[in-house]
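Taken in order, these protein sequences are the chains called Y and Z.
Letter by letter, the first sequence follows residues 0 to 197 in numbering that gives the first Met the number 0.
Letter by letter, the second sequence follows residues 0 to 173 in numbering that gives the first Met the number 0.
Calculated directly from the structure, the hints in this document are not laboratory data.
Take these hints with a grain of salt, some might be off.
What the hints assert, rightly or not - Just so you have them, the derived chain Y footprint on chain Z, three or more residues with Cβ under 8 Å:
id, region
1, 10-16
2, 22-33
3, 115-125
As the structure is a prediction and not an experimental result, all values here were calculated from the model.
Even for Gly, the Cβ is constructed at its ideal location relative to N, Cα and C.
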Amino acid sequence: MGLVKTLSLNYRVNLLGLVSALLLFYTVSSNKPWWRMAGGLGGEKTFSAEISPFNIALEVLGKPVTVPILPYLNLAARLSILLAAATILTGSLLASKPWSKPMMSMKGLLLPILFPGGLFIGLSLASSYIGANLPLMGESTLKYEIQYGGLSISTETAVNAVLTEEYWIALAAGIFSAFTKAIHNRIAEQTDSAIKGG
Amino acid sequence: MNKTGFVKALMLLLSVAASFAPVIYALNKYEWNIQAMVMPSYSPPKVDFRLEHSGVKFEGGQLYVAFKLVNLGEVDVTFENVNAAAYAPDEEALAPVILDKPVTSHSNSAEALILKISINEASLNKLLQYFEKQDRINVGIRGEASISVFGTKARVPVSAVFEISLTDIVRTMS
Chain Y
0 MGLVKTLSLN YRVNLLGLVS ALLLFYTVSS NKPWWRMAGG LGGEKTFSAE ISPFNIALEV
60 LGKPVTVPIL PYLNLAARLS ILLAAATILT GSLLASKPWS KPMMSMKGLL LPILFPGGLF
120 IGLSLASSYI GANLPLMGES TLKYEIQYGG LSISTETAVN AVLTEEYWIA LAAGIFSAFT
180 KAIHNRIAEQ TDSAIKGG
Chain Z
0 MNKTGFVKAL MLLLSVAASF APVIYALNKY EWNIQAMVMP SYSPPKVDFR LEHSGVKFEG
60 GQLYVAFKLV NLGEVDVTFE NVNAAAYAPD EEALAPVILD KPVTSHSNSA EALILKISIN
120 EASLNKLLQY FEKQDRINVG IRGEASISVF GTKARVPVSA VFEISLTDIV RTMS
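One chain only, chain Z, in its complex shape (with noise of 0.2 Å):
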């Protein structure tokens, strides 16, 4: 064999253990379980929000209603707006339901978010129409909230349920 041949055959042997050597070690590493190696492994964080009921304040034709925003999982959000209605225990819809300013719930934290409820003149006739037959009712609030998460924004439904009795609101009101 000639010096070109011999140059020739030392590059096609280095080139094929370059481009073969790791890839031969991974799949001894991993038992030649092909599917092992290809499978991607991913763990998302943990997302686990809870809303807790924490009062009522009705003021300038407003109830404002506050929740407890307690982020037990691994990821920031920013609530920046709700577009909801609030129900009737009938399930009549009362009055349209909007955040009242935007939340960031870090993680392992609480946060307090408030809903903002405009009651006009009917739906506060309609409220006090069912304080008749009982102290205080159920009220829920159903519909979509705009968040942020890791710079995505996401539209989630969302559904929650409040208790109020008529001393709540007169007491505010005072």
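One chain only, chain Y, in its complex shape (with noise of 0.2 Å):
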């Protein structure tokens, strides 16, 4: 019990709360992608997509794929991780208070943890539709037929994927902030147990 005491300056405050909240307002608050792929060599991209919960851009020669809802999802990603943030701030500042505990939100760790699985799905419907594999990460060699014109067109394309340190700083938040419930369950059991003791 001493380290949640000291953690929570004597059942006051739930300072892991408070990195937790800063990292996910971090989180919300960048737009770069999470995780980046790029096809191509010598500094000129076939393709590109950039991702993260919050903002998806693709680009395939030069020009933007658009997908009228993704715009929408991601704002609901945003307003829900600022919610979170807002949540565990508040909870975390209030933490004597036995009613901040259904404050400590756990979405900023869903996400990071549902982002590869999504990737993954995302990525092998996209790699059955054009017939080659894309990586998750790492680095391959795309080779793809196009049919252009009753030609016959073979191509070779170099394919780089990442999850970008923005992907790790989400999940660092999403960490902090499971530690953050838990911590917080921990001080309100101290503080019923002493409302109790009168």
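With the hints as a guide, dock the two chains, each given alone in a separate frame, to form the complex.
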């Protein structure tokens, strides 16, 4: 209980929660991608994908690919994490109040856990659609046959995919929010017993 | 309802609103046409190349065939290599054809693309036989070009025809 007492400034403020909230605020305000894929050589891009739950940018041969629903899904994810960060911050500052317990959201962890799974499913669908393998991480060569004007054109594109540091920051924020919830439960137990003890 | 219950209910309400309000707004905006919302839209760049024969030159046992490569599209292309063959009017293969030097064709511009046909004594004699019957003959070039577009390497079938006369060869040799 000593560690919890220290991390909560004598059961008054959840310090880990403050860190978690700040990391979540950073994550939600950043437009940098969590995952990036680029196809092409020598600084030229045949295609590129820059994806995070808050922003999705796809380009093929220098032209954007747009899906109307995506900006709205991005906005929903941004609002959810913004809400989680705000409630964690408020709950952490009011840690001594028993009603602050439901404010400790786990959404900050859920998103970075679901993100690679969503990418994997998306890449599997895209790979089966184009008939070539797109990597989740690392480098590969995409070999592809294009039928154009009755001609068969065989192409080779170097592909590079990487999870960016923004993703790892988001995951760290999520892990912090899980610890925050655990510590908050301990603080709540302590507060409850103090109230019962009079 | 106690305070904890109230906060729980409020949190649930806010979470549901944050998650679903933008999607419901989008559905409303697209008049609940889900297909229109999930269909990707993409306008590929215009690709339009024209190859116009612009001259021949015979030099050092090589026949240089110049083309004007006109790029009317939106895509820059680098022709890195050509692996083709020249064919006589009766479809007999005359000689191998390669690209003299790599050419980058920029959007809305014209570049000179020169193909080098390696003529040896046998193929020269074969060529001269056709001129015994006619003044001018059509020589076809067919094969593959290695190109680079937006960082992708591609092998594209190429086909071109040019007209050549004995006078053209003699003039460039003198």
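- Message: Hint by hint, where does the structure go against what was stated? Just the numbers, ascending.
- Response: 3
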